[in-house]
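2 protein chains.
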Amino acid sequence: MRGNCIVAQSGGPTAVINQSLCGVIQEAQKHREIEEICGAKNGILGLLKEELIDLRKEKTSAIDNLGTTPGAALGSCRYRLKSWSESKKDFEKIIEICRKYNLRYFFYIGGNDSMDTTNKVNEAAKRMDYQLKVIGIPKTIDNDLVFTDHCPGFASAAKYLAVSVMEAGRHLESLYGSESATILETLGRNTGWLAGSCALAKRSKEDAPHLIYFPEIPFSLDKFIKDVKEVYHKIGGVFIVVSEGLRDKKGNYVCARKDGVSIDAFGHPELEGISGYLKELVESRLKLKTRTIKSDICQQSAVHFASRVDMEEAYLVGKEAVKLALEGKSGYMITIKRGKGKVYERRISAARLSLVANMEKKVPLRWINRRGNFVTEEFIEYVRPLIQGEVNIPTQNGLPCYAKLEKRRILAKK
Amino acid sequence: MRGNCIVAQSGGPTAVINQSLCGVIQEAQKHREIEEICGAKNGILGLLKEELIDLRKEKTSAIDNLGTTPGAALGSCRYRLKSWSESKKDFEKIIEICRKYNLRYFFYIGGNDSMDTTNKVNEAAKRMDYQLKVIGIPKTIDNDLVFTDHCPGFASAAKYLAVSVMEAGRHLESLYGSESATILETLGRNTGWLAGSCALAKRSKEDAPHLIYFPEIPFSLDKFIKDVKEVYHKIGGVFIVVSEGLRDKKGNYVCARKDGVSIDAFGHPELEGISGYLKELVESRLKLKTRTIKSDICQQSAVHFASRVDMEEAYLVGKEAVKLALEGKSGYMITIKRGKGKVYERRISAARLSLVANMEKKVPLRWINRRGNFVTEEFIEYVRPLIQGEVNIPTQNGLPCYAKLEKRRILAKK
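Those protein sequence lines, which keep their order, are chains A and B. -19 is the number of the first residue of the first sequence in the working numbering; add one for each residue after it. -19 is the number of the first residue of the second sequence in the working numbering; add one for each residue after it.
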């Protein structure tokens, strides 16, 4: 089917989200069926607002350098499409714009909320009898998409966090006695993939991190204090990693704000604050001077220490999305399957968007130790191959040189 | 004078503190006057506790790799020596140990609090008529030592923060509309050197950071809200950098905890919390969803993105300290002087410890803009040469390979 394609980015950007964009653009350029290559500004909002960018007009060098540029080059959004039964308004607008611009291929780079959007666009096109090939491209540092072994973006965040723990761990170690505890808070929402990955920093028993806490394991304050005390008495200091989304045994977040500003479009409450909360606890109950680290969006955007494997895979899922759409498939998200052997091998596959949207893959409980405060060797074996390899980024005057798109508007043909 | 030398590290480690250690060791190895090369474990405490390490016994490769290792390889401390008039106990112990081990050269790597220690050791040796050559080696990310153009450790922290702002800034930019503000909190205590350095991230008007707040300028909440509002209306989002040590017009810290755990040996209160405080303000007053970043000790320990110039200079001040002591000088801190020309040139000099100890160099007010919310071009010109060049760190399995010392105890000769 000949026509134009549209690509957009959604949700929290990752260090490699632009690699996927680059993969889509460069693959689309190879195929005659695809005429214009449009980018929607700020995800689905760009389609709704008719803010479409002509990606064929961008400089080749800008596209080449996209992959090592943080943020979402097209802009992103956190916008929730209502369901078909709630309101057809957005869908009518989307399909109207698709018709106007003859958009026939729709690529959406995002996480589980964004796969909900992608799925809804696919369903709407079918219902409205508009020929549109819709493919989702996985992206999330949370690593919580189902049907895929892992998600592009996760490994770079994991690598950045692991190096942070290595470095801050050495720092803490040299101050044992005067500053005795450090708490590093990771993102990851309801899953402990990122928190668990900090274990990569550990090379010996004494190395940081000493304790890791997961959203998958009900959090007990008393047990936490007991754990911290035990490590402190054994080695003279303690480096703790906590996932932002810890929950108590009733399933309530240990730290969640409930005011209006802090809830996003998908109804997720803001979780930040767990490290500060636990710091106060460690200081008051154990009298240990404690520092907290909250890298927050730095762990999502740290291209300067990204994983090469992650970069390659992010590009690959973008490229494969285009191929799948051109095979006539629609309503799928690209997935990565891992070979069973000892040496890391991957192959690309796909899963139905309807099965992926809004689902969440947690860390298997058998990959967390019995005491619920560290990962097992299996977790490490899972994540280690994904953080391999460094990425060369062009620098200028001591700092990275990051690309920018010119973002020229595209106009529909009369 | 023939004898043994002792070197120690004190205060918060920096990304390059071990380069200075390396400089001392490798220079000391070249001189016949210096017999044993001892390291004191955990700064002055190692001397008081007679925990001395034989640095000649360390592997050459471990010493070579020290320079790219975070933390303080010998261990550090935050210990305040009482003044001579308050108590002679510590001084008597220190000189006793010096005699016992025939320590004749004393090198202390640290910031302004540590230069107080160094100065006191120098004075005590003189009073007790013990021949000891005492030289301080500057180290602090805060960049607040007087008589030196800048301090080793500062530039690497500045570079790490600048890349963090670049990356997190791109991240925020792609989400303008759904997440509109980010507040990054830097260290720096009473000076805005680190906060100001984040301005290096800015390449165009729209780039982060948009606003920077300094301890040097009395902080007004109302003016802050006005500034944020103005930037937000102009560009749709706002990236704010704040120094941990902001003070109101009465000179009180905007955020300081006063409980016992949070005050260090030198009486400095803990300052963390300003970003969280301002976030609540921005969210409640302006209804802008705001995220906070607090890299904390990661900015002190991030060897993986250190400045090569900083690394070289940290080595140099260590090396020059040994040379100065061998010239017979005592009671000095090594300083770095900058040439007057456009091209960055440095030369090594020295300043009296008694003039350096406990003093604090603030950002000159003429380097902060009139509105008190950004740096001037002069600040940028000052810091830019210091962050140049990347450092190659050995990696293994996708993560840095950091050295460790074996730390064999040294015994005094009978």
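Hints were generated in silico from the structure; no laboratory data involved. Possibly wrong hints are sitting among the right ones.
Claimed, not checked - A few chain B residues that face chain A, going by a derived Cβ cut-off under 7 Å, partial list only:
no., residue
1, 30
2, 57
3, 81
4, 158
5, 276
6, 285
7, 304
8, 306
9, 368
10, 383
11, 385
Unchecked claim - With a cut-off of at most 25 Å between alpha-carbon atoms, the simulated DMTMM-like pairs for lysine to aspartate or glutamate come out as follows:
no., chain 1, residue 1, chain 2, residue 2
12, A, 73, A, 109
13, B, 39, A, 202
14, A, 214, B, 186
15, B, 384, A, 357
16, A, 37, B, 186
17, A, 206, A, 109
18, B, 387, A, 207
19, B, 384, A, 325
20, B, 29, A, 159
21, A, 37, B, 187
Each residue gets a CB set at the ideal place from its N, CA and C atoms; glycine is no exception.
Structure-based check of each hint:
no. : hint          : verdict
1   : 30            : 16 Å, violated
2   : 57            : 6 Å, holds
3   : 81            : 22 Å, violated
4   : 158           : 4 Å, holds
5   : 276           : 5 Å, holds
6   : 285           : 6 Å, holds
7   : 304           : 26 Å, violated
8   : 306           : 28 Å, violated
9   : 368           : 4 Å, holds
10  : 383           : 10 Å, violated
11  : 385           : 11 Å, violated
12  : A:73 / A:109  : 14 Å, holds
13  : B:39 / A:202  : 44 Å, violated
14  : A:214 / B:186 : 50 Å, violated
15  : B:384 / A:357 : 24 Å, holds
16  : A:37 / B:186  : 23 Å, holds
17  : A:206 / A:109 : 61 Å, violated
18  : B:387 / A:207 : 29 Å, violated
19  : B:384 / A:325 : 34 Å, violated
20  : B:29 / A:159  : 19 Å, holds
21  : A:37 / B:187  : 23 Å, holds
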